[in-house]
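Protein chains in written order, with my numbering: chain A, 1 to 184; chain B, 1 to 316.
You may find that some hints are simply not true.
Unchecked claim - Cross-link-like lysine-lysine pairs, in silico, DSS-like; alpha carbons within 30 Å at most: (1) B/Lys107 <-> A/Lys162; (2) A/Lys164 <-> B/Lys107; (3) B/Lys222 <-> B/Lys275; (4) A/Lys14 <-> A/Lys164; (5) A/Lys14 <-> A/Lys162; (6) B/Lys222 <-> A/Lys162; (7) B/Lys61 <-> B/Lys222; (8) B/Lys68 <-> A/Lys164; (9) B/Lys275 <-> B/Lys68; (10) B/Lys107 <-> B/Lys222.
Hints were generated in silico from the structure; no laboratory data involved.
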Amino acid sequence: MTRWEVFKQDTVGKPYQAVGSVHAADAQHALLTAAHVFARRPSAHSLWVVPADSINSRTAQELATREVQDMGSTADAVTGTVRDEGSREQPYHVFRKSSHRRSMTFVDHVGTLEATSPAAALDRAMAEAPDAAQALAWWVVPAAAVTASSEADAASWFEPAKDKTYKQQSLYGAGPGGSSRRNP
Amino acid sequence: MERDEGSAEAREFEARIARGEKIEPGDWMPDAYRTQLIRMIGQHAHSEIVGMLPEGAWIDKAPSLRRKLILVAKVQDEAGHGQYLYHAAETLGASRDEMTEALLAGKAKYSSVFNYPTLTWADVGMIGWLVDGAAIRNQLMLAQCSYGPYSRAMVRICSEETFHHKQGREMIVLYAAGTPSQRRMAQDALDRWWWPSLMMLGPHDADSPNTPQLVAWGIKTKTNDQVRQEFINEHVPELQGAGLTIPDPALVRDDVTGDWRHGPIDWDEFWSVVKGNGPCNAERLAARQKAHDEGRWVRDALDAFAARQAGTGLDA
Numbered sequence: 001m002t003r004w005e006v007f008k009q010d011t012v013g014k015p016y017q018a019v020g021s022v023h024a025a026d027a028q029h030a031l032l033t034a035a036h037v038f039a040r041r042p043s044a045h046s047l048w049v050v051p052a053d054s055i056n057s058r059t060a061q062e063l064a065t066r067e068v069q070d071m072g073s074t075a076d077a078v079t080g081t082v083r084d085e086g087s088r089e090q091p092y093h094v095f096r097k098s099s100h101r102r103s104m105t106f107v108d109h110v111g112t113l114e115a116t117s118p119a120a121a122l123d124r125a126m127a128e129a130p131d132a133a134q135a136l137a138w139w140v141v142p143a144a145a146v147t148a149s150s151e152a153d154a155a156s157w158f159e160p161a162k163d164k165t166y167k168q169q170s171l172y173g174a175g176p177g178g179s180s181r182r183n184p
Numbered sequence: 001m002e003r004d005e006g007s008a009e010a011r012e013f014e015a016r017i018a019r020g021e022k023i024e025p026g027d028w029m030p031d032a033y034r035t036q037l038i039r040m041i042g043q044h045a046h047s048e049i050v051g052m053l054p055e056g057a058w059i060d061k062a063p064s065l066r067r068k069l070i071l072v073a074k075v076q077d078e079a080g081h082g083q084y085l086y087h088a089a090e091t092l093g094a095s096r097d098e099m100t101e102a103l104l105a106g107k108a109k110y111s112s113v114f115n116y117p118t119l120t121w122a123d124v125g126m127i128g129w130l131v132d133g134a135a136i137r138n139q140l141m142l143a144q145c146s147y148g149p150y151s152r153a154m155v156r157i158c159s160e161e162t163f164h165h166k167q168g169r170e171m172i173v174l175y176a177a178g179t180p181s182q183r184r185m186a187q188d189a190l191d192r193w194w195w196p197s198l199m200m201l202g203p204h205d206a207d208s209p210n211t212p213q214l215v216a217w218g219i220k221t222k223t224n225d226q227v228r229q230e231f232i233n234e235h236v237p238e239l240q241g242a243g244l245t246i247p248d249p250a251l252v253r254d255d256v257t258g259d260w261r262h263g264p265i266d267w268d269e270f271w272s273v274v275k276g277n278g279p280c281n282a283e284r285l286a287a288r289q290k291a292h293d294e295g296r297w298v299r300d301a302l303d304a305f306a307a308r309q310a311g312t313g314l315d316a
């Protein structure tokens with residue numbers, strides 16, 4: 001079964017962030033599964049799913065040691081429209097990881113641009129980012145490969161988690177002895 | 001690979017670990033680093049999945065709607081945690097099917113502690129307090145791991161698992177202050193889960209030959225004995241504060257270091273359980289096999305649906 005990378009947007013205006021993957025038969029099934037796996041708690045506003053083989057990934061180390069042009073043109077396989085690579089511009093979403101800080105998410109969405117291939121999209125994204133040299137990893141995804149959860153479903157998919165306060169650790173207090181006695 | 005040793009890539013890898021950088025999918029890594037991570041993450045994922053069984057058995061026996069909602073959410077979380085971890089292993093080239101097959105064939109391990117039975121409702125609370133408490137100690141350590149995807153899975157799991165720990169503690173503290181039979185039930189659960197909880201953090205450092213390499217690679221950032229000591233120091237005062245008696249007559253507080261020193265652990269029991277001879281090993285694997293077999297029609301239906309969507313179905 002296809003593996004789908006999942007991106008979660010916590011609230012309106014926040015970037016979509018790579019949270020992990022699910023296995024599913026099609027995009028709608030992937031979205032449903034992703035909601036159960038990655039949005040059991042607040043907060044989530046929207047999900048994107050992308051077939052894993054449509055993700056064009058480069059780490060800083062790979063960029064230092066390999067040609068960007070090695071990137072496949074997986075957009076072709078997804079859209080079925082751009083068979084002749086480089087012949088036509090299409091939109092790409094660009095994601096990057098910028099820090100080694102403790103985190104539960106990987107790359108953040110940083111922009112969308114038109115390019116003729118994933119490699120060209122990455123070239124442009126790097127040229128336009130003043131701090132491109134500090135990026136730790138890039139993902140380039142053809143916009144046509146993205147399936148988003150529907151706005152109409154958002155309330156029924158994501159709002160109930162806010163009422164399930166019994167899942168929040170803050171509800172349970174510090175316990176006998178209090179938290180100050182932990183980790184001497 | 002032997003030739004990894006001392007190569008320019010290996011030196012750079014070690015320098016990156018020393019700088020506290022995360023290794024990401026696509027980065028160069030020694031083959032043995034990849035292999036050890038797949039083994040560890042796979043075992044960890046299996047532990048989450050098998051870990052649903054001991055508590056899941058009590059969902060339909062929960063004494064109140066609130067406790068039932070909590071337990072359903074907790075068991076559902078464990079399923080989710082297994083998914084995060086299988087994802088992390090997949091970034092290293094492992095396939096989910098292979099990992100599942102290894103579990104069902106008895107080739108891949110899972111945490112020894114889930115091979116003990118849940119005999120009373122208090123076991124649900126005690127598992128939350130002790131087993132999840134020990135797991136969180138281990139997972140906070142692994143959240144600092146050098147491999148990015150494993151580290152991120154651990155951060156997400158710890159943030160959810162703290163609820164598991166606290167709901168268990170709340171339940172046991174309540175019973176420990178309750179009727180005589182509730183107190184007996186809480187103490188009996190502690191008597192049965194204390195030692196398996198210490199054991200689940202792994203053999204003593206002197207008997208854990210993989211640990212030095214795992215620490216050097218930044219996969220583990222603390223040893224088994226260090227994590228166990230943190231767990232004991234956190235839980236002994238709280239359990240005693242709840243009026244319970246820890247079933248270790250040798251347990252004593254070291255006034256100099258502040259550490260609680262435990263008595264000897266029965267490692268023969270631990271290894272017997274790890275080797276498949278614990279009270280519930282056969283039952284746990286049989287339950288996983290049954291779920292796998294009974295879910296086959298769902299997987300087949302999904303495959304058929306996917307083939308039809310792709311225009312390659314039998315009815316295309």
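To see whether the hints hold, each was checked on the structure:
Of the pairs offered as hints, the one joining B/Lys107 and A/Lys162 is violated, with about 41 Å between alpha carbons and a cut-off of 30 Å exceeded. For the proposed pair A/Lys164 and B/Lys107, the alpha carbon gap of about 38 Å is over 30 Å, so the pair is violated. Between B/Lys222 and B/Lys275, the direct Cα distance comes to roughly 25 Å. Compliance with the 30 Å bound is thereby established for this hinted pair. Proposed proximity of A/Lys14 and A/Lys164 is supported: the alpha carbons are some 23 Å apart, at most 30 Å.
Restraint check: the Cα-Cα separation between A/Lys14 and A/Lys162 comes to about 18 Å, which is no more than 30 Å; the hinted pair holds. For the hint pairing B/Lys222 with A/Lys162, the CA-to-CA distance comes to about 36 Å; that exceeds 30 Å, so the pair is violated. Proposed proximity of B/Lys61 and B/Lys222 is contradicted: the alpha carbons are some 39 Å apart, above 30 Å. About 13 Å separates the Cα atoms of B/Lys68 and A/Lys164, which keeps this hinted pair within 30 Å; it holds.
In summary, the hint linking B/Lys275 to B/Lys68 is not supported, as the alpha carbons are separated by about 34 Å, beyond the 30 Å threshold. The suggested pairing of B/Lys107 with B/Lys222 holds, with an alpha-carbon distance near 27 Å, which does not exceed 30 Å.
Checked against the numbered hints given earlier, the structure breaks hints 1, 2, 6, 7 and 9 and satisfies all the rest.
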